[in-house]
Amino acid sequence: MDRLDAGRRGPYLVIQHVIAATAYAGMVLAAAAVVAAECRGRHRALRGARQLLIAWAVGATLLAGVSQRDLWPLSSWSLMTRAPRRDMGVEPVYLRLLAVDGAGQEYPVDYRAVEPFAIEELMAWMRTYFLKLPAGEQDSVAGFLLRRLNVARARVRAGAEPGTQGRWLGPLRAPFHSLHPAQWTSVSSVPTTPFVALRVYGETWDLEERAVDKTAVTRTRLYEYREGAAP
Amino acid sequence: MIVRLKRAWTDFWFQPESAGNLALARILVALNALWMLASRNYAGMSDVPDAFWRAAPAAIRWRYLIVPGHGDIERVLQGLAAIVLIGALLGIAPRVCCAVAALLLYHLAPLEAAIWTAAPEGRGMTLAPTALLILAAAPSGDAFALWPRARTGSKERRASRYGWALLLIQLLVCEIYFFSAIGKLERTGLAWGSAERMRLWLFWFNQDTQSVVFGTLGPWLAQYAWLCGLIGAATVVMEWTMPLALFWRPSRVVLVPVALAFHVGVLLSMNIHVPEAWLILVFVDWTGLSRRLRRMPGITPPK
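These protein sequences, in sequence, are chains A and B. Take the first sequence: its position 195, counting from 1, is numbered 194 in numbering that gives the first Met the number 0, and each next residue is one higher. Take the second sequence: its position 287, counting from 1, is numbered 286 in numbering that gives the first Met the number 0, and each next residue is one higher.
Please note that a few of the clues may not be correct.
Some chain B residues flagged as far from chain A (calculated, every beta-carbon gap over 12 Å) [as the list claims (entries may be wrong)]: (1) L27; (2) I72; (3) L76; (4) I91; (5) A108; (6) L145; (7) R160; (8) R186; (9) W247; (10) I271; (11) W285; (12) L292; (13) R293.
So, partial list: chain B residues that the calculated Cβ filter (under 8 Å) puts toward chain A [unchecked claim]: (14) I181; (15) S210; (16) G231.
Note that these hints are calculated values from the structure, not bench results. The beta carbon of each residue, even a glycine, is placed where N, CA and C say it ideally should be.
Throw the hints in and build the complete structure from the sequences for me.
This is the structure:
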């Protein structure tokens, strides 16, 4: 999915936000005008207000769609609009989080273990901002994530699921935009002792090469947070 | 000319529609939004450390009235949103519930991704704030409502006062496909749907082990260039022709099942889920379908 506004700042972005907020506020006012005219029983005014709401909704959504600018919730629906690149993980950088136990063994992170984050939003944030943060802030963020992972680890050790979000819906829980496999599915999929470190790896690969050889991935450690080692 | 255009505009938007179909659109939109709301912890995002919020553009916060660090207030708002969505679903003061839900979701839904983007499209809540607003302004409680009691009796109402709102919601759904087609043309050109690019997309969505649940169909399809080309061409044709569903009702018989099949295919081959897409069901003429079913031999007619 394209994210035109990610990382973009300055007057251009502010103007875009003002237009977006105005577009939705206009819809709210037009809808209120319809209800007001209906309550007063004025048929002519009601027809006019409905026409206004229709015209505003059509105009504002077309503005978002044709300009391909974000006016959410009047969306540009820029879904998969670019051409895929063969060299994955170069632009944008592709990150993977791994938790480490006391024995030094690495564990993949279950998508439910980072609640309340949707993992894809967290990874997008990390891609966009994390690596640019000062070291102290990076450690603060990583420490928070490691604590979340350990809470989830304890839940799994107790025989529960790593997350609680939408738990009562069971398998009917709405999947995220990208599907994620459950990694921590049994007591044995997490260590008996708490995680002590969190590592961030950057991964690059060539789509064609990896289609032939699944292990054709270059993994580089970009960051490590170790509990107790932070300043 | 202007008079003729004005008449065409009015005739298009104010065509008769059944109260039942508009009320069912209300139920579908509310159900979809409630499903997302129950599956996510939007309020919890308010409690994440400030470092996550500091990096993101500040404009996102004022645009959606997001003030990080107020998780308890957000939890109350999320609870309230669930209550009013249930009201909209069951038809308890449905129009008031739709209005309140629209405003709450405009604030709550962006919390999911606001730490890095202002546009949480494709996450299930993009249509709800707008569609619920339209349903609040329209007489969407004239059927399938518990309180106040639905006005329609055994003789179902068809009137122009229902048509415009349903058409607007259908327009929002159509735009998912049509705007996506415009974006593809603008950014990638006509070659977007080429076999080679489809093949790369299939690899793209099937090689990162963090995001692969269905890992068989995509790589299998990628082996056959003609299948990749067919998928690309079919996607382009479907996206560009989707507006036909607004103007020519018979086309819905083809476009709605094709769109549903498309989304199931994307889910199984690319591991991508667009929850808003299920709202394509607002194109189904449910009351007409129910009438036809009642007329079928072996089915007891209503008393």
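Status of each hint after checking the structure:
1. L27: 15 Å, holds
2. I72: 15 Å, holds
3. L76: 15 Å, holds
4. I91: Fine: 18 Å to the nearest Cβ keeps I91 (chain B) off the interface.
5. A108: 8 Å, violated
6. L145: 21 Å, holds
7. R160: Contrary to the label, R160 (chain B) does not stay out of reach of chain A, its closest Cβ about 8 Å off (not over 12 Å).
8. R186: 5 Å, violated
9. W247: It holds; W247 (chain B) is separated from chain A by about 18 Å at its closest Cβ, greater than 12 Å.
10. I271: 6 Å, violated
11. W285: Holds, because the least Cβ-Cβ distance between W285 (chain B) and chain A comes to about 22 Å, which exceeds 12 Å.
12. L292: 26 Å, holds
13. R293: Non-interface label on R293 (chain B) holds, nearest chain A Cβ at 30 Å vs cutoff 12 Å.
14. I181: 6 Å, holds
15. S210: 5 Å, holds
16. G231: 11 Å, violated
In this structure, the hints that do not hold are numbers 5, 7, 8, 10, 16, in rising order.
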